[in-house]
Amino acid sequence: MDDFILRALAAGLILTLMTGPLGCFMVWRRLSYFGDTLAHGALLGIALSLLVGLATQLSVFLVAAGIAATLTELERRRQLSSDALLGLMSHSTLALGVVAIALMGPNQINLESLLFGDLLLVNAGDLMLMGGTAIAVLGVLLVLWRPLIAATLNNELAAAEGLHPRASQFCLTLMIAAVIAVSIKLVGALLITAMLIIPAAVARGLSKSPEQMALFATAIGMLSVLVGISGSWFADTPTGPSVVLGALLLFLASQVYQAILQRRESQ
Amino acid sequence: MQIQLTNAGLKRQGKWLVRGIDLTLQAGQILTLIGPNGAGKSSTVKMALGLEKLSEGTCTRDKNLRIGYVPQRLQLDWTMPMSVDRFMGLTPGVAAAEREQSLARVGLSAKGSHPIADLSGGEFQRMLIARAIARRPNVLVLDEPTQGIDVAGEAQIYELIQNVRDELSCGVLLISHDLHLVMAATDTVLCLNGHLCCHGSPSSVIENPEYQALFGSDAAGLAMYDHHHNHTHLPDGQIKHG
Numbered sequence: 001m002d003d004f005i006l007r008a009l010a011a012g013l014i015l016t017l018m019t020g021p022l023g024c025f026m027v028w029r030r031l032s033y034f035g036d037t038l039a040h041g042a043l044l045g046i047a048l049s050l051l052v053g054l055a056t057q058l059s060v061f062l063v064a065a066g067i068a069a070t071l072t073e074l075e076r077r078r079q080l081s082s083d084a085l086l087g088l089m090s091h092s093t094l095a096l097g098v099v100a101i102a103l104m105g106p107n108q109i110n111l112e113s114l115l116f117g118d119l120l121l122v123n124a125g126d127l128m129l130m131g132g133t134a135i136a137v138l139g140v141l142l143v144l145w146r147p148l149i150a151a152t153l154n155n156e157l158a159a160a161e162g163l164h165p166r167a168s169q170f171c172l173t174l175m176i177a178a179v180i181a182v183s184i185k186l187v188g189a190l191l192i193t194a195m196l197i198i199p200a201a202v203a204r205g206l207s208k209s210p211e212q213m214a215l216f217a218t219a220i221g222m223l224s225v226l227v228g229i230s231g232s233w234f235a236d237t238p239t240g241p242s243v244v245l246g247a248l249l250l251f252l253a254s255q256v257y258q259a260i261l262q263r264r265e266s267q
Numbered sequence: 001m002q003i004q005l006t007n008a009g010l011k012r013q014g015k016w017l018v019r020g021i022d023l024t025l026q027a028g029q030i031l032t033l034i035g036p037n038g039a040g041k042s043s044t045v046k047m048a049l050g051l052e053k054l055s056e057g058t059c060t061r062d063k064n065l066r067i068g069y070v071p072q073r074l075q076l077d078w079t080m081p082m083s084v085d086r087f088m089g090l091t092p093g094v095a096a097a098e099r100e101q102s103l104a105r106v107g108l109s110a111k112g113s114h115p116i117a118d119l120s121g122g123e124f125q126r127m128l129i130a131r132a133i134a135r136r137p138n139v140l141v142l143d144e145p146t147q148g149i150d151v152a153g154e155a156q157i158y159e160l161i162q163n164v165r166d167e168l169s170c171g172v173l174l175i176s177h178d179l180h181l182v183m184a185a186t187d188t189v190l191c192l193n194g195h196l197c198c199h200g201s202p203s204s205v206i207e208n209p210e211y212q213a214l215f216g217s218d219a220a221g222l223a224m225y226d227h228h229h230n231h232t233h234l235p236d237g238q239i240k241h242g
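Order-wise, the sequence lines are chains A and B. At position 121 of the first sequence the residue is numbered 121 (our numbering), and the sequence of numbers has no breaks. At position 45 of the second sequence the residue is numbered 45 (our numbering), and the sequence of numbers has no breaks.
In isolation and in its complexed conformation, chain A is listed as follows (with noise of 0.2 Å):
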């Protein structure tokens, strides 16, 4: 087999340890549309990284984490509610990196590449970089669990029991922003939310605890990697779709199983 394949198998592999846990938590929070609003905003990352010369990862992590403060900033002002604040700021961003990308002058960009990304392109660089990510976020996920469990089940109660879910929140934010940053060139900036929310939502179903459902998205979340990097090399079609679709066809399977074991537990 040859390499390039094996690199994408493993950024796809590392990658899943991430969206595993913080998938649940974007379920839990009813985050998606917010995670949809800084991969959004990625691009904006992307053009900006061209044009400060700054590295494309650090650039989109910067414009994410800068997202999502503004956000959380005007939600605190109350004046409109937070789906429509996400849907002005997803559209404009992702309009703002459009016209910046084309004002750059053709060819700078593959726009295509930044929406669906390419697995395939992965380098060892880019895996290390995955990699170190990994060990990070998995490192504030296990010290925070605890407090973040608490402050997603209810704010005020984690408040007054001194858990501090407001710093716990902003730990949260910032790695959603840094696996969207260190992900964007992989599965692009449309599908990356997909690949947060699916295999947790496959997950949900399965699961009695926060954490099983943590583990099994994170398992879920590989088995849709191999699925549709084989299906991908096979059929020849684009990585980071195939992917999805995979994920996609593990969450059908798991409403089938469901449906079976009521039908069952009725009779």
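There's no promise every hint is true.
What follows is a list of derived Cβ distance ranges for each label pair [said to hold, decoys possible]:
1. S109(B) to L261(A): 50 to 60 Å
2. T6(B) to T70(A): 30 to 40 Å
3. L58(A) to K15(B): 14 to 24 Å
4. G162(A) to N37(B): 24 to 34 Å
5. L58(A) to P36(B): 47 to 57 Å
6. S266(A) to E159(B): 38 to 48 Å
7. E98(B) to N123(A): 51 to 61 Å
8. G205(A) to N37(B): 31 to 41 Å
9. N110(A) to G57(B): 32 to 42 Å
Covered stretches of chain B, going by a simulated chain A footprint (3 or more residues, C-beta under 8 Å) [stated by the list, open to error]:
10. 80-87
11. 90-103
No lab work stands behind these hints, which were simulated from the structure alone. Yeah, the Cβ is synthetic: ideal placement off N, Cα and C, and Gly gets one too.
With chain A fixed as given, assemble chain B onto it according to the hints.
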């Protein structure tokens, strides 16, 4: 003195939710906030807990407070799978034995392994109370603790609150609508209506014309109605004789 609010007020979008609140919570004391809807009871509690920043006035809290809190209308997101035991264990520093004992006290010992999504409204509320007392707080804050709990269970809950106060000699800050139950169980009453109407012992507040204007003069007779049963109602609704 555990918590003290002095001339405290909370303003949101140019409107005062509550203003001019003076409140002192002492260890071992039950302090009850009463008042109509929108009187600022929950806002007062949130100021006292430090969950809302005061728009005017001051709030001083003892440094070593260990707070057990039962918020009003806690909305949990059922997308997170969570058993009763696991939820009880989310508070830091609570031993398993303590958790089981608290669940037993509210009549939920059989429900430990159940998903919280399957609990009824009253069971859920009793679980929140068990969770708040399991951490052996020195301040217990309950915002309408008996919502969703049936009438027989309500008296039981107020009795439990008194017992916990006696055991832990913790300060209790309570919001309640059950005038007749609460007046028998509290040391001090604060009657709110956007501001502090009147305060003092239950018997003195009942005599107060402002209180009677808010709740009707019938409330005065109702509030001190006190009687004894030859049986007790267990929190799960069963009756124990003798």
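Each hint tested on the structure:
Distance hint for S109(B) and L261(A): a CB-CB separation of about 29 Å, inconsistent with the stated range 50 to 60 Å. For T6(B) and T70(A), the hinted distance range of 30 to 40 Å is satisfied, since their beta carbons lie about 36 Å from each other. The hinted range of 14 to 24 Å is not satisfied by L58(A) and K15(B), whose Cβ atoms lie roughly 44 Å apart. Restraint check, G162(A) to N37(B): a C-beta distance of roughly 30 Å satisfies the suggested window 24 to 34 Å.
For the hinted restraint 47 to 57 Å between L58(A) and P36(B), the CB-CB distance of approximately 56 Å keeps it satisfied. Checking the proposed 38 to 48 Å range against S266(A) and E159(B) shows it holds: the Cβ atoms sit about 42 Å from each other. Checked against the hint of 51 to 61 Å, the C-beta distance between E98(B) and N123(A) comes to roughly 54 Å, which is consistent with it. Distance hint for G205(A) and N37(B): a CB-CB separation of about 39 Å, consistent with the stated range 31 to 41 Å.
As the Cβ distance of N110(A) to G57(B) is approximately 60 Å, the hint placing it in 32 to 42 Å is violated. Residue count for the region 80-87 of chain B with a Cβ under 8 Å from a Cβ of chain A: 6. That meets the three needed, and the coverage hint holds. Check on the region 90-103 of chain B: 3 of its residues sit with their Cβ under 8 Å from a Cβ of chain A, so the three-residue criterion for coverage holds.
Figure legend: structure checked against the earlier numbered hints; hints not met, in rising order: 1, 3 and 9.
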